[in-house]
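Novice: Okay, here's what each chain looks like letter by letter:
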Amino acid sequence: MKQNKSLLLFFIFTLFSGELYSQVKDSYGESYLENGVYYSNTKLPVGFRADQVEALNSGLSFEVDLKFSIVNIKSWRFDRTIGEVDQKYLVRYNAFTRRYSALNSITGRELSSSDLSDIEIYISDVKNLPLIDDSLINIEESYRVYLITYIRAQDVPRWMQSLTFWRENLDTEMEMVEWKLFK
Amino acid sequence: MEAIQIRSNSAKKIIFLLIILSISSLVALMFAADNPNEFNRMQMPLLIINSLSLLVLLGVVSLSARKILMDYKKSKLGARLRARMALAFSGLSVLPALLVFIFATDFMNKGLDIWFDADVEDGLRNALLLGRSAMDDQEQKRVFDTANIALSLDGIEDIEQQLNQAREAISAKQLLLLDQNLQVIAFSTETIGLFAPQLPSLLEVNVAQSQQSWSSLDSSESDGYTIRVLIPILSFASNQTPLYLQGIFAVDPQLSMMADSVEETYARYGRLSFLKIPIQYSYILTLLLVVMLALLLAIYGSIEFADRLVRPIEALEKKTRSASESNSMMHSPQSDSDEISSLVESFIKAEKEAAWSDVARRMAHEINNPLTPIQLSAERIKKRYASVFKDEDLDFLNKSTDTIVSQVEVLRDMVLEFGNFAKQPELNFEVFDVSKLIDETLEFLKRDKDSFQVLVEHNGNTFIEADIKRIRQVLNNVFTNTIDALKSESHPIIKIRTKPVIYQSNEYLVLEVKDNGHGFENNLLDSVFEPYITTKNKGTGLGLPIVKKIIEEHKGLISIKNNKEKGATLSIFFLKAQEK
Chain A
1493 MKQNKSLLLF FIFTLFSGEL YSQVKDSYGE SYLENGVYYS NTKLPVGFRA DQVEALNSGL
1553 SFEVDLKFSI VNIKSWRFDR TIGEVDQKYL VRYNAFTRRY SALNSITGRE LSSSDLSDIE
1613 IYISDVKNLP LIDDSLINIE ESYRVYLITY IRAQDVPRWM QSLTFWRENL DTEMEMVEWK
1673 LFK
Chain B
3 MEAIQIRSNS AKKIIFLLII LSISSLVALM FAADNPNEFN RMQMPLLIIN SLSLLVLLGV
63 VSLSARKILM DYKKSKLGAR LRARMALAFS GLSVLPALLV FIFATDFMNK GLDIWFDADV
123 EDGLRNALLL GRSAMDDQEQ KRVFDTANIA LSLDGIEDIE QQLNQAREAI SAKQLLLLDQ
183 NLQVIAFSTE TIGLFAPQLP SLLEVNVAQS QQSWSSLDSS ESDGYTIRVL IPILSFASNQ
243 TPLYLQGIFA VDPQLSMMAD SVEETYARYG RLSFLKIPIQ YSYILTLLLV VMLALLLAIY
303 GSIEFADRLV RPIEALEKKT RSASESNSMM HSPQSDSDEI SSLVESFIKA EKEAAWSDVA
363 RRMAHEINNP LTPIQLSAER IKKRYASVFK DEDLDFLNKS TDTIVSQVEV LRDMVLEFGN
423 FAKQPELNFE VFDVSKLIDE TLEFLKRDKD SFQVLVEHNG NTFIEADIKR IRQVLNNVFT
483 NTIDALKSES HPIIKIRTKP VIYQSNEYLV LEVKDNGHGF ENNLLDSVFE PYITTKNKGT
543 GLGLPIVKKI IEEHKGLISI KNNKEKGATL SIFFLKAQEK
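As given, the protein sequences belong to chains A and B, one line each in that order. Residue 1595 in this note's numbering is what sits at position 103 of the first sequence, and the numbering runs on without skipping anything. Residue 9 in this note's numbering is what sits at position 7 of the second sequence, and the numbering runs on without skipping anything.
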């Protein structure tokens, strides 16, 4: 009976503890203030699964969407999202050049490599990304940055994915990373 | 009994709307299939609409089938016939639908297999290899050019000038001099303005170091296809600080365009191959949905059709049963105007008339026999006791025997009318002027009746071919009835008009008899030609039925209606005499 209670408590703790979660994963995020703007450096393990690589090599392209949310944490009230920033990459394989490419659809910057892991590293490592203007932040309050990464297959309608329900979904949502905007 | 539970008009309207919506959405889906993007965008909502219709129809059909099955099990009236008909009609639609589905699926799968035929894939791969080999030639040339430049560089002094001259000489987009840490030492580019160097990866540098060169075909959204070459500089660099020369060259635009086209086709084919099964499934699902919808519609239609077909027959059976159980009047089963309903209605009428004729004939026979002995006995009693009784007793005797005799006369008249109604006389057709017969009959009636105003109007040829005796009886009955209806009127008027008309391709002479009496109560209008329906206190209720019978024997038509203002109008359509 005691053992059961301990297990239950551990389960609840695991479920609600984001801190524990982020410690377990090989990812991190940090923010810093420079010239009135908060910037972020993040590292997160963006990786394509084997079936996604197969789809990529077949000619499908993927969108990697890094969604940053800046949330005002409230005590006893609902948290409030005060800003969102997206970084989107279009990843595809060129059968002619035998190279993978990742095009940042916001900055227009493109990287190509014959090795997919180079692309994954390039996307995983986000440096000096401007997040939010300092004027929107009340220093007396608490803010956290949440980063969720989505990998979505392009040109594959959702209903078509549903039809192949026995196959793992090509769209994936990666583990969330979160950190304090400032200490 | 109702075959389908959902029978309310609103439910039917919803079903009808869903059917229309489904058909429209399927048509939209058909057009959208021409454009894959449009197809992808529209398929989901259209499939939802169709699935919804399918579910509703499935529900309706299931409810109907359940009801039919339950009625069948309970051996309800008409259930067996309805079930058999619904099953037969549904069965007729199921087999073709299944065949269509199986063959269409097979054709579709074969069609898709042809798309993804191994030969097509090989052809595309070969096209890709061919393109690559063309690019390889260019790539080798660029490696040779860059290697030559690397050899020709004679020191770090004036390096940028050397790079500029070399770049122009070999038509490179960019020349970069890098150290091992990928730091740019010098560069030359054809780009004016801000320069963003495209640096090699460490892996590429290592390959260049070990193999004395590294090259790659690259592509980007902005520059299209480019060739990138990395050569270690051996002439003036030392082993401790190796230097590398990177050259970037644009591919011939025409070749680049062709390569792009081949690559795009190959990628599209790859995408389709990867999605072959979902595409196949989506088409099969759409086809299945269409077939299911068509099938359910057919089954629903079959049940409805069977229901409509069986309903009048069922009503006939029901009425026949109720008629045999009670003496209630039989009425028409349904207002439906199809052939089955008309047939059933005619059958009921014929049965009803036959029954009345039989009753009338039996009554006439049974009543007529004792009438003469009753009358004679009454007269003999009167004669015998007239001398015996005196004063009040004699008066009582006379009154009583007179009443018996007069009532016997009434009964005899009634029997005569019954006889007329029941008998099927042989008609003696002859051509005569019905206007004269009308005038004669009116003249005869005027002598007996109180004064009333008669307005007669004859138009055109008034000759008909009929049995003159029977038509006289018709006119007599009609005019007597009309005169009786006007008894309570202070200014009774009868308007009689004859005119020729063509109705349903037949030439008729119409006799209209219009009065200003009290007309008929609306609930009686439909049954005035049925026996024993009368508004008169002393009527037998056989006058108008006899008229109708005679007119029908002459293939004529008869109708009655209340006038808008006052009274009623009876119209008789006599077939006109054929001109010889």
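Hints listed in this document are in silico derivations from the structure and should not be mistaken for laboratory results. Given the structure is predicted, the values throughout are model-derived calculations rather than measurements. Virtual Cβ for every residue (Gly too), placed ideally from N, Cα, C. Any given hint could turn out to be false.
Unchecked claim - Which bits of chain B does chain A cover? Going by a derived footprint, with three or more residues having C-beta under 8 angstroms, they are:
id, stretch
1, 218-225
2, 263-273
What the hints assert, rightly or not - Have a look at the derived ranges for each label pair, beta carbon to beta carbon:
id, chain 1, residue 1, chain 2, residue 2, range
3, B, Ser275, A, Leu1582, 20 to 26 angstroms
4, B, Thr193, A, Lys1675, 41 to 47 angstroms
5, B, Asp119, A, Asp1578, 38 to 44 angstroms
6, A, Asn1596, B, Ser275, 46 to 52 angstroms
7, B, Asn183, A, Gly1539, 36 to 42 angstroms
8, B, Leu184, A, Leu1582, 21 to 27 angstroms
9, B, Thr193, A, Ile1613, 23 to 29 angstroms
10, B, Glu123, A, Pro1622, 30 to 36 angstroms
11, A, Tyr1642, B, Asn183, 31 to 37 angstroms
Novice: Can you confirm whether chain A covers the stretch 218-225 of chain B, using C-beta to C-beta distances below 8 angstroms and requiring at least three such residues?
Specialist: holds (count 7)
Novice: Taking 8 angstroms as the C-beta cutoff, is the stated coverage of the stretch 263-273 of chain B by chain A satisfied by three or more residues?
Specialist: This one holds; 8 residues, not fewer than the three required, reach chain A with a Cβ under 8 angstroms.
Novice: I want to verify a distance hint. Is the separation of the beta carbons of B/Thr193 and A/Lys1675 within 41 to 47 angstroms?
Specialist: holds, 43 angstroms
Novice: Between B/Asn183 and A/Gly1539, is the Cβ distance one that fits in 36 to 42 angstroms?
Specialist: violated, 28 angstroms
Novice: In this structure, is the beta-carbon distance linking B/Ser275 and A/Leu1582 contained in 20 to 26 angstroms?
Specialist: With Cβ atoms ~21 angstroms apart, the hint holds.
Novice: Kindly confirm whether 46 to 52 angstroms is satisfied by the beta carbon distance between A/Asn1596 and B/Ser275.
Specialist: violated, 29 angstroms
Novice: Looking only at beta-carbon atoms, does the pair B/Leu184, A/Leu1582 fall within the given range of 21 to 27 angstroms?
Specialist: holds, 25 angstroms
Novice: Honestly, do B/Asp119 and A/Asp1578 meet the 38 to 44 angstroms range at C-beta?
Specialist: The hint (38 to 44 angstroms, Cβ to Cβ) holds, given that B/Asp119 and A/Asp1578 are roughly 42 angstroms apart.
Novice: I want to verify a distance hint. Is the separation of the beta carbons of A/Tyr1642 and B/Asn183 within 31 to 37 angstroms?
Specialist: holds, 35 angstroms
Novice: Holds or violated: 30 to 36 angstroms for the Cβ distance of B/Glu123 and A/Pro1622?
Specialist: violated, 47 angstroms
Novice: When you take the CB atoms of B/Thr193 and A/Ile1613, is the distance between them in 23 to 29 angstroms?
Specialist: holds, 27 angstroms
In the structure shown, a violation is registered for the earlier hints numbered 6, 7 and 10, in ascending order.
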